[in-house]
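Quick mapping for you: the protein sequence lines, in order, are chains S and R.
Residue numbering for the first sequence follows my numbering, beginning at 420 and increasing consecutively.
Residue numbering for the second sequence follows my numbering, beginning at 420 and increasing consecutively.
Hints were generated in silico from the structure; no laboratory data involved.
Any given hint could be a false lead.
Pairs count within a copy or across copies, as identical chains cannot be separated in the list.
What the hints assert, rightly or not - Below 25 angstroms or equal to it, Euclidean Cα-Cα: the simulated SDA-like pairs (lysine to any residue) are:
| id | residue 1 | residue 2 |
| --- | --- | --- |
| 1 | K454 | L439 |
| 2 | K461 | K684 |
| 3 | K611 | P727 |
| 4 | K647 | G723 |
| 5 | K722 | W554 |
| 6 | K695 | R670 |
| 7 | K691 | D620 |
| 8 | K454 | G775 |
| 9 | K461 | K688 |
| 10 | K684 | Q778 |
| 11 | K722 | R771 |
| 12 | K646 | L624 |
| 13 | K451 | K684 |
| 14 | K684 | W437 |
| 15 | K691 | L673 |
| 16 | K647 | D524 |
| 17 | K688 | D462 |
| 18 | K688 | G521 |
Number of protein chains: 2
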Amino acid sequence: MERVAVVDGAMTSFGEHWNLSLRELAVEAGRKAMKNAGIGPKDVDALFIGNMAGGYFNGQEHLASLISRELHLAPKPSTRVEAACASGGLAARMGHLSILAGAYDTVLCVGVEKMTDLPPENVTSGLAMAADGDWEAYFGVTFPALYAMLARRHMHEFGTTEEQMAAVAVKNHDNGVLNPNAQFRFPLSIEKVLKSALVSDPIRLLNCSPISDGAAAVVISKESIAKKLTDTPVYFQGSGQGSDSIALHNRVTLTTLEATVAAGKMAFKNAKLTPKDIDLVEVHDCFTIAELLAIEDLGFIEKGKAGPATEEGVTARDGRIPVNASGGLKSKGHPVGATGIAQIYEVMLQLRGEAGGRQVDGATRAMIHNVGGSGGTAIVNIMGRD
Amino acid sequence: MERVAVVDGAMTSFGEHWNLSLRELAVEAGRKAMKNAGIGPKDVDALFIGNMAGGYFNGQEHLASLISRELHLAPKPSTRVEAACASGGLAARMGHLSILAGAYDTVLCVGVEKMTDLPPENVTSGLAMAADGDWEAYFGVTFPALYAMLARRHMHEFGTTEEQMAAVAVKNHDNGVLNPNAQFRFPLSIEKVLKSALVSDPIRLLNCSPISDGAAAVVISKESIAKKLTDTPVYFQGSGQGSDSIALHNRVTLTTLEATVAAGKMAFKNAKLTPKDIDLVEVHDCFTIAELLAIEDLGFIEKGKAGPATEEGVTARDGRIPVNASGGLKSKGHPVGATGIAQIYEVMLQLRGEAGGRQVDGATRAMIHNVGGSGGTAIVNIMGRD
């Protein structure tokens with residue numbers, strides 16, 4: 420069975436795209452990815468779309484059919500997957516597995532979300548559909564509130580501080596300033612984060628990733644074809660997927676996301692690698708506490724120590740294990756269905772040495788971590804040049 | 420690469436389940452399928468969920484996470500796919516390909532939709548999100564209207580009559596009377612169909628499949644495991660998927676669904692079979708015209724001749740090529756995300772000789788056809804005992 424590699428990719432800038440629709444964002448990223456890969460629609464066997472809530476945000480389901488024609492791919496197979504904010508990562512995983520199955524040689528994976536068609540309070544309601552509708556969202560809980568509970572428990576058990584969470588935001592903005600596609604390209608300070616408006620104690624405005632519009636796309640092929648299309652294929656070396664109770668009240672613990680642990684173990688086992696082999700990590704920092712949980716749950720930092728490690732610069736771009744060199748969801752933006760594909764695109768650039776000012780020197784192997792909801796789904800991939 | 424087979428399955432009855440929620444329907448079908456297969460959650464490696472519009476109908480996205488815990492499958496991978504009314508068929512196809520990829524040995528595929536939580540006019544609006552939001556639904560078009568245009572064109576080009584479309588409904592109700600899980604277990608007459616209320620000329624109420632609640636589930640495994648679990652595995656012999664412009668106005672023709680043609684060709688090529696090899700077909704008769712289009716587009720009846728063929732009994736249970744022995748979507752009901760899985764369950768029963776009063780004698784090979792929207796997606800599978 421041949422391995423699978425990323426040939427090339429593209430992304431729109433993330434931000435507020437008042438002049439572009441859901442379809443236009445997806446088409447822009449998809450077309451650019453094919454162009455960058457030096458191929459056309461005739462070279463693509465199938466399309467995979469990651470999108471969370473086109474129905475609620477834009478009145479559009481059945482997006483795979485819509486985009487297949489816009490990209491001149493119909494009548495080829497087109498598949499939409501949804502796993503809340505992990506929809507993009509899941510689309511890439513399904514594309515990857517479909518190639519391994521022998522169904523296709525080359526697929527285009529597109530992640531997209533258009534969130535600014537609705538007022539922010541409605542976006543918050545829409546995102547809450549990623550939580551338990553009957554037992555969480557019905558009672559008014561929002562995602563900042565869910566992550567606030569995770570943060571509060573982490574503070575209680577391990578002494579994590581608001582300053583340490585703020586340090587995640589400061590680091591990620593420092594990186595995002597260097598990313599031309601990032602939504603928030605300005606530096607933060609610990610003081611500024613701590614003085615920002617309280618959203619859901621202890622989470623403040625500057626602990627949150629933004630509401631964003633955007634799309635990202637990657638062309639992936641089986642190894643023999645990828646090698647013909649590019650001199651710099653970036654391989655899927657390990658892939659994992661995990662799930663957990665959608666509702667926090669059914670979990671064994673609030674300081675570990677079991678879906679992340681399961682997906683990480685599967686990816687490491689699959690790749691026959693350990694955290695020490697990884698040069699660079701892109702994790703799902705929808706809130707600053709989420710980054711702390713992720714780097715612990717993936718095994719890069721001992722449980723409970725992610726706060727101090729972040730303060731000490733362990734996860735900085737020049738630290739022992741650079742985390743979110745792209746700026747992360749916090750600074751780069753978080754069009755939910757696009758995020759998982761944008762992470763793959765970032766890692767592709769990093770592993771090819773094309774990440775410009777935010778380049779992590781000598782990175783040859785990277786991990787990507789994409790979460791749905793408050794941890795109900797996690798997708799983890801290990802990507803490498805060899 | 421080992422083949423993949425259905426071990427066993429289950430479905431809820433289709434109809435109006437006022438006392439069961441989206442989650443309860445999915446759990447009932449999923450549990451029963453595992454029980455019928457003689458396995459428990461520990462034997463299942465991953466879950467695939469087909470659901471069209473849990474967000475709009477029930478305020479619930481991220482259904483794969485929700486159901487994974489309810490079925491005690493978490494932290495194993497759980498994936499939701501959406502392709503409008505082909506969501507169930509797509510879930511099974513993604514489960515099937517994931518096994519071929521070597522990612523899993525046994526997966527549970529669940530299709531579910533709970534449509535009666537909203538008033539019927541809102542359900543119609545929700546379903547319209549399977550059409551082009553900007554260029555069809557925005558202008559008020561509904562699915563009966565879209566299929567009415569397909570019907571009118573078929574009548575214009577081939578002389579298809581309202582009586583012939585009514586004959587589809589009569590045949591399918593004759594079959595559905597014999598299906599204990601069907602929503603409408605009563606016979607129709609041509610006269611009754613032709614006198615029913617006009618919904619969108621020439622489509623009348625009794626040309627339409629109903630609004631339904633329900634779920635269906637199948638356990639599928641790679642061959643070596645399926646053979647251990649059952650004496651009667653039913654194999655996926657060929658599988659196809661196609662797409663087309665979501666909007667009617669971009670299509671080359673209105674009397675052929677190109678997605679069906681593409682998916683059918685892929686499945687036949689995959690299986691190295693032709694229409695003559697098939698004993699039984701379950702097609703996507705969301706409206707009676709859809710059945711006529713399907714049996715032509717799949718190659719069972721010459722283009723334009725499906726109307727007369729239906730009148731002559733060619734597609735009756737004892738005809739040359741029995742179509743929708745289950746009662747079809749028309750009589751069995753159409754909880755949109757569940758339909759594709761329920762079709763697989765029906766074919767499994769038929770090929771095992773367990774379909775009771777509606778059994779097609781001696782059936783050893785069957786085709787399943789599941790459509791999303793007005794033909795934007797089609798999934799076709801060929802299933803057989805050998």
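Quiz item: Checking against the hints above, which ones are violated?
Solution: Numbers 4, 5, 6, 7, 10, 11, 12, 13, 14, 15 - these are the hints that the structure violates, sorted from lowest upward.
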